[in-house]
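A.B. asks: From just these sequences and the hints, can you work out the full model?
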Amino acid sequence: MTAWISTNNSFSELKERFRREPYLQVNLIFTGVIMLVFAYSGFFSPASDNYPVVCIHEKLTGEPCVSCGLSHSFSLIVRGRISEANEWNIYGLRVFIFFAAQLLMRIGFSVFYIKYPETGKQLITYDIAVSIMLFIVSFLPYIEWIIKQIHLS
Amino acid sequence: MEDFTTNTGQSQPPLSGQTPGQPGGQSLGIAALITAIVTFVLAVIPCVGIIAMIPGIIAIVLASIGLSQASRKDSPRGILVAGLIIGVVATLISFSQIFVAGKIGDKFQKEWGGNIENVINDVQRNVLDELEDGNVSIKINADGDSVEIKASAGKQNRHQELEELEKANTGINDSLDKYK
Chain A
1 MTAWISTNNS FSELKERFRR EPYLQVNLIF TGVIMLVFAY SGFFSPASDN
51 YPVVCIHEKL TGEPCVSCGL SHSFSLIVRG RISEANEWNI YGLRVFIFFA
101 AQLLMRIGFS VFYIKYPETG KQLITYDIAV SIMLFIVSFL PYIEWIIKQI
151 HLS
Chain B
1 MEDFTTNTGQ SQPPLSGQTP GQPGGQSLGI AALITAIVTF VLAVIPCVGI
51 IAMIPGIIAI VLASIGLSQA SRKDSPRGIL VAGLIIGVVA TLISFSQIFV
101 AGKIGDKFQK EWGGNIENVI NDVQRNVLDE LEDGNVSIKI NADGDSVEIK
151 ASAGKQNRHQ ELEELEKANT GINDSLDKYK
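From first to last, the protein sequence lines stand for chains A and B.
Heads up: the first sequence runs through residues 1 to 153, numbered per our numbering.
Heads up: the second sequence runs through residues 1 to 180, numbered per our numbering.
It is possible that some hints are incorrect.
To give an idea of the interface, some chain B residues facing chain A are shown, with a C-beta separation under 7 Å as derived from the structure [unchecked claim]:
| id | residue |
| --- | --- |
| 1 | I34 |
| 2 | I45 |
| 3 | P46 |
| 4 | C47 |
| 5 | I79 |
| 6 | S96 |
| 7 | F99 |
For lysine-lysine, the following DSS-like pairs were computed, each having C-alpha atoms within a straight-line distance of at most 27 Å [as the list claims (entries may be wrong)]:
| id | chain 1 | residue 1 | chain 2 | residue 2 |
| --- | --- | --- | --- | --- |
| 8 | A | K15 | A | K121 |
| 9 | B | K139 | B | K150 |
| 10 | A | K148 | A | K59 |
| 11 | A | K115 | A | K15 |
| 12 | A | K15 | B | K150 |
| 13 | B | K73 | A | K121 |
Per the computed footprint, the stretches of chain A lying under chain B, defined by three or more beta-carbons under 8 Å from a beta-carbon of chain B, are [claimed, not checked]:
| id | segment |
| --- | --- |
| 14 | 18-28 |
| 15 | 77-88 |
| 16 | 134-148 |
Hints were generated in silico from the structure; no laboratory data involved.
We put the CB at the ideal spot given by N, CA and C, even for glycine.
C.D. replies: Here you go:
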């Protein structure tokens, strides 16, 4: 009985913290968003080629862009066909790793934040710094391509 | 009184008509921040970069409304400002991809523009050739009277006439020597 009350109390406390802490809310929502990305990759298959998202750049110019084949690449990575995924988009794996790392980070940082509330600000600062670095490393080829296009035009 | 100090050090007094722990504009701030970050990720993917402008504008609007609410209720604005800045930067990145449209315009001008000019010239030449070879007939009917005008540009005939004239003229000595 005491254990049940204790569990109930800790659950309501956790719920209260999630309601009160924007960081935990943001992490929770991002976890959902990343899960949706993975679900999208798993749901649509390269075999049936039924992806709803089309490349606007290719539609307008007739030329494929640097991110073309990313959805196919993600679907193949989810299915464990890494070499085929690389053929569709050479940067697909590193972008996928970014999302996977973000998923782990959201869960990990949330757990740490709940367990050690005193780390608050430092943890958020560390999270932002790591996320920015990961983002730059993962999306650098796309950023470079955009800059190149702007210079060309 | 309940303490609403969060881990981030933001003191949040409860406000009337609001859930404790959710000060003015905080929910909008979270929505704006998430929308802005998603926009940022979408904006750097060239395939969907231009579309990212829509969530970017939504993020800016959400953050702006949240900021106005926060300033009225004197609530913390950290998340709202972050959402606004990321939203603006993401929208600018997305907007910059419109420059690609300029590239499309150039391509159209170079590849299609020249072709269209050639097609127009060909059509013009064909029409003129047909008109020169063809016969034109104009018939006018008025109160039972009819007048028909037949005209022939006769390009071939004119060529023939010109050739005949040239042949005929070759035998004539038109030099000034005969007058000496």
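A.B. asks: Would you settle whether the hint for P46 of chain B is holds or violated, based on the nearest Cβ-Cβ distance to chain A being less than 7 Å?
C.D. replies: Holds, because the Cβ-Cβ distance from P46 of chain B to chain A comes to roughly 4 Å (cut-off 7 Å).
A.B. asks: Given F99 of chain B was flagged as interface, is its beta-carbon under 7 Å from a beta-carbon of chain A?
C.D. replies: Holds, because the Cβ-Cβ distance from F99 of chain B to chain A comes to roughly 5 Å (cut-off 7 Å).
A.B. asks: Quick one, are K148 of chain A and K59 of chain A close enough, alpha carbons at most 27 Å?
C.D. replies: holds (19 Å)
A.B. asks: Would the hint on C47 of chain B be counted as holding, given a Cβ-Cβ threshold of 7 Å to chain A?
C.D. replies: Status holds, d = 4 Å.
A.B. asks: Take a quick look at whether K73 of chain B and K121 of chain A sit within 27 Å of each other, Cα to Cα.
C.D. replies: Since the Cα atoms of K73 of chain B and K121 of chain A sit roughly 24 Å apart, the hinted pair holds (cutoff 27 Å).
A.B. asks: Next item in the hint list is I45 of chain B. Is there a CB on chain A closer than 7 Å to its CB?
C.D. replies: Holds, about 5 Å.
A.B. asks: Holds or violated: K15 of chain A with K150 of chain B, Cα cutoff 27 Å?
C.D. replies: violated (97 Å)
A.B. asks: Keeping to a limit of 27 Å between CA atoms, is the pair of K15 of chain A and K121 of chain A held or broken?
C.D. replies: Cα-Cα ~21 Å, so holds.
A.B. asks: Can you take a look at whether the segment 134-148 of chain A is actually covered by chain B? Rule is 3+ residues, C-beta closer than 8 Å.
C.D. replies: This one holds; 6 residues, not fewer than the three required, reach chain B with a Cβ under 8 Å.
A.B. asks: Taking the closest Cβ pair, is S96 of chain B under 7 Å from chain A?
C.D. replies: With a minimum Cβ separation of about 6 Å from chain A (threshold 7 Å), the hint on S96 of chain B holds.
A.B. asks: Establish whether the coverage given for the segment 77-88 of chain A by chain B is satisfied; the threshold is a Cβ-Cβ distance below 8 Å, and no fewer than three residues must meet it.
C.D. replies: violated (count 0)
A.B. asks: Checking hints one by one. Is I34 of chain B an interface residue toward chain A, by the C-beta closer than 7 Å rule?
C.D. replies: Holds, because the Cβ-Cβ distance from I34 of chain B to chain A comes to roughly 5 Å (cut-off 7 Å).
Comparing the model with each numbered hint stated earlier shows that hints 12 and 15 do not hold.
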